[in-house]
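In the order they appear, the protein sequences are chains E and F.
With the first letter of the first sequence counted as 1, position 139 gets the number 139 in my numbering; the numbers rise by one all the way through.
The number in my numbering is simply the position in the second sequence, starting from 1, with 162 added.
No wet-lab data here; the hints were simulated from the structure.
Note that the structure is a prediction, hence the values are computed from the model and not measured.
Careful: at least some of the hints might be erroneous.
[Said to hold, decoys possible] With a straight-line Cα cutoff of 20 Å, these simulated SDA-like cross-link-like pairs (lysine to any residue) come out:
hint	chain 1	residue 1	chain 2	residue 2
1	E	K84	E	L95
2	E	K84	E	E159
3	E	K84	E	D156
4	E	K84	E	L155
5	E	K84	F	V175
6	E	K84	F	I371
[Unchecked claim] Counterexamples of contact, computed for chain E against chain F with all Cβ distances above 12 Å:
hint	residue
7	S5
8	A14
9	E22
10	A70
11	R82
12	L155
13	D156
[Unchecked claim] What follows is a list of derived Cβ distance ranges for each label pair:
hint	chain 1	residue 1	chain 2	residue 2	range
14	E	A10	F	V175	53 to 59 Å
15	E	V46	F	G382	34 to 40 Å
16	F	G378	E	G54	31 to 37 Å
17	E	R114	F	M522	48 to 54 Å
Virtual Cβ for every residue (Gly too), placed ideally from N, Cα, C.
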Amino acid sequence: MTDGSSWLAAWDHADRQWRRFEVLVLVALVLGLLLVALGRWMLAAVGAPVPAIGDELLRAGALWLIMLSAAQACAQCCDESRAKPLNRSHLRWVLGLSFAAALACLLLMSAALRYLLFDLHLGSRPLLGTSMGWWLLPLPLLFLVMGLRLLRRSLDTAEAQP
Amino acid sequence: MIWLVLVVCLGLVGLPWFAALGLTLIAYSASVGLDPLLIMQEFGRIAEMQELLAIPLLLWALALVQAQANPAAPGDAGGKEGPAAWTWSGKWMLQTPGPSATASGSADFAALLFLSSPALIVIWLVFQTVSPSGAPLLQQLLLSGLLAAFCAAVIGVALGNGARLGMLRSGLGRQPRVLWLLLVPFAGVYSGHWPLLEAAGMALAMVLIDALVRRGLDVGTAVALLLESLRAFGRLALLLGLGLAWFALVFDLGVERQWLNALIVHLPSPFWANWLIGLWLSAVWILAAWLLRPLPALIIGAPWLLPASLHSGLAATLISLITLLSLYAGDQLRAAGRGGDLSARRLVVPGLTVLLLLAMPDVARWLGD
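Just chain F, with the same shape it has in the complex:
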């Protein structure tokens, strides 16, 4: 537990999260006499994750679409209408400041999930690492995410938050052709016909060809957007790479098993156990995202929370959705706290969706199975 406290403290005082993880891992290896080259051995495994390579291609394609939709402010995530949902989804996950502080609303969140959220890809990769046998297929996860997105959008509109949906629609309406070009490859991913990397390559190629044919974008802007997307990807991948070594450390310490024993020994019937563990999982993720921000919270908390929830009987797709929704809610609370607007409405949509998923767990696996 001391190592968890150490990494959280180092991060909270302002050290970059990758440096906090690196220093903790080196301190741990020195204290138990492990060779620190094992850290690099774990880090190198990130190169095996080919799905991760889809993220820079997707981010660049989405940034290009955004730049064509808002030619007056290329590279600006939001312009006057606030961040476009796709750019925002990348930025929310990748820790750049701003988007979560200015954007909220169920429609944005719907798009966050719908556009094959990179966050779902990261959660899936984490699952593959911490519990390969229990990990769902990526396609299952994306399909489940789609349903959660629709739920969130419907609840959001019902709560009178439709203005944001209108804003999103008007944003999409500016460049419907480019958007359709981007969505066509996703149809291949969702239907299970194309692997993610190939589909991301297709999406990027189509957007690039479209921009070239219509001369809607100059090379300088395209390269600037590429670099911006890559910087975001670099931050994510560096953290995830050291996260792999962190996962190995947690399993080495056996902390995950201690959590498990403490959690599931005295639980009541399976139905209530699912409810209790689901709510507990949601609360811990909200707190962690509020305290640490979503991505570090996910990397640091995953080796404890995901296997513990999985072994308690919750379905992997359900856990993934609760994780995503709760991280989002925690981030929104953090943004609200900074802006001085501590409105409970920010928690309503993800909160209701979590409750809905817990009440009807099969919903989470609607098409995935």
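So here's chain E without its partners, still in its complex pose:
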């Protein structure tokens, strides 16, 4: 792979694979969420206390669900803008705005990564490895994925510039 188009093709291929992974995890998460909701309802119906592990699971599931859903929405938005024909003046706008959105994602990714590595409440000890670290893991990971998708969109737009 020496020229740019091969790199971009490999990038797109990796993104497609990752999207399949996202869909699988999302379906599993929603079904899991459904089971947790029904389980809590049944426990409440028989008057049994809801175990604390349920709350922890919900917290972890919530963040993964939110970030994976946002990454899917980002991918859909990029697909739609690729399919849309744009005139010259629009191309510049889309290029600039996609790049700015990608920049925002990458900056947020770096903040999230620092949060995982240097949590203030833990006196700069890393959160990674603690139970909280696992449910915070999707923050940097999926901001990175969104940033890369938006970057790819801006590259597409740049290619289309006359």
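For chain E, the structure is supplied; the task is to place chain F on it using the hints.
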């Protein structure tokens, strides 16, 4: 104020709202020497909001009901009859284009509130964040919303807008069994017996079992609808998550207190103060929704407007209803402007309901208290 101008400008030039909020927050933290990881610390708090998790379950359940009612066009929000009210309520709130441009009418709006509108859940979450002590219970809010929905429907029918009510009834009539399955868990929520997440799980499970037993839906369609619902939820949650960091910034700046001082120092008697603040709140929300669209307007404006209104003496349920109605009106005006039909009728129903609520504030708390 410069940060508010910055985020609005970035959004208005076309940057996604979450990116506009993110860039503004990072610029702010860089300018005052704050560690940007505080943004993520605030963002992470979204995982604590368990009620938010009811939204994807509800959206999927409602989409499944819709798909069974219109099997010819699964996934299409409207088909030939325009968007079904429940799908529309999710889409209106979640920023996907289309529904507000094609649908209007009091009956749709009645359903918007009646079906435990996700918008009310978001307003409640915002309230919990910006002013936990003054936030009403979710059940109070839903019950108050129900009454406002009936008012809107009655006013709408009285104004000769009954055709839409008929359309809605015919849409519901197609799948009454599935709809009843969905409404049963809501009875539990409205009566205060079931928490929202559990009820949403129940509703989804019942709709899924019904579809399975009657073989009314194939797995591919169900997964496609799930993904569509989740994408809508992802947009909402991303915005709300960064909104939490935005709320922290606003409180840090103390802007909310400046607004308060400017607002309530020279107000006349409490009765007229309520009227003035209610109308002012409504006007600002209409303008904000027209300019920014409802959800970004809610996230960006809430830390200023909600605490200021609350401290001025307006009841939380009343503020929530005025907020919802005015956001709806602003969105309708925006849609009308784009379609070239600037009819004042689009403002009549929410406008009259706001006036009714201001004239009889106890109406807003009819069963909630």
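Against the structure, the hints come out as follows:
1. K84/E / L95/E: Holds - the C-alpha atoms of L95/E and K84/E are around 14 Å apart, at most 20 Å.
2. K84/E / E159/E: holds, 15 Å
3. K84/E / D156/E: Judged against 20 Å, a Cα distance of about 12 Å means the pair holds.
4. K84/E / L155/E: Answer holds: K84/E to L155/E is near 15 Å, not above 20 Å.
5. K84/E / V175/F: holds, 19 Å
6. K84/E / I371/F: It is violated: about 39 Å lies between the C-alpha atoms, which goes past 20 Å.
7. S5: holds, 28 Å
8. A14: A14/E clear of chain F: closest Cβ-Cβ about 20 Å, beyond 12 Å.
9. E22: violated, 9 Å
10. A70: Contrary to the label, A70/E does not stay out of reach of chain F, its closest Cβ about 4 Å off (not over 12 Å).
11. R82: holds, 16 Å
12. L155: holds, 17 Å
13. D156: holds, 17 Å
14. A10/E / V175/F: 53 to 59 Å: violated, 33 Å
15. V46/E / G382/F: 34 to 40 Å: holds, 37 Å
16. G378/F / G54/E: 31 to 37 Å: holds, 32 Å
17. R114/E / M522/F: 48 to 54 Å: The hint (48 to 54 Å, Cβ to Cβ) holds, given that R114/E and M522/F are roughly 52 Å apart.
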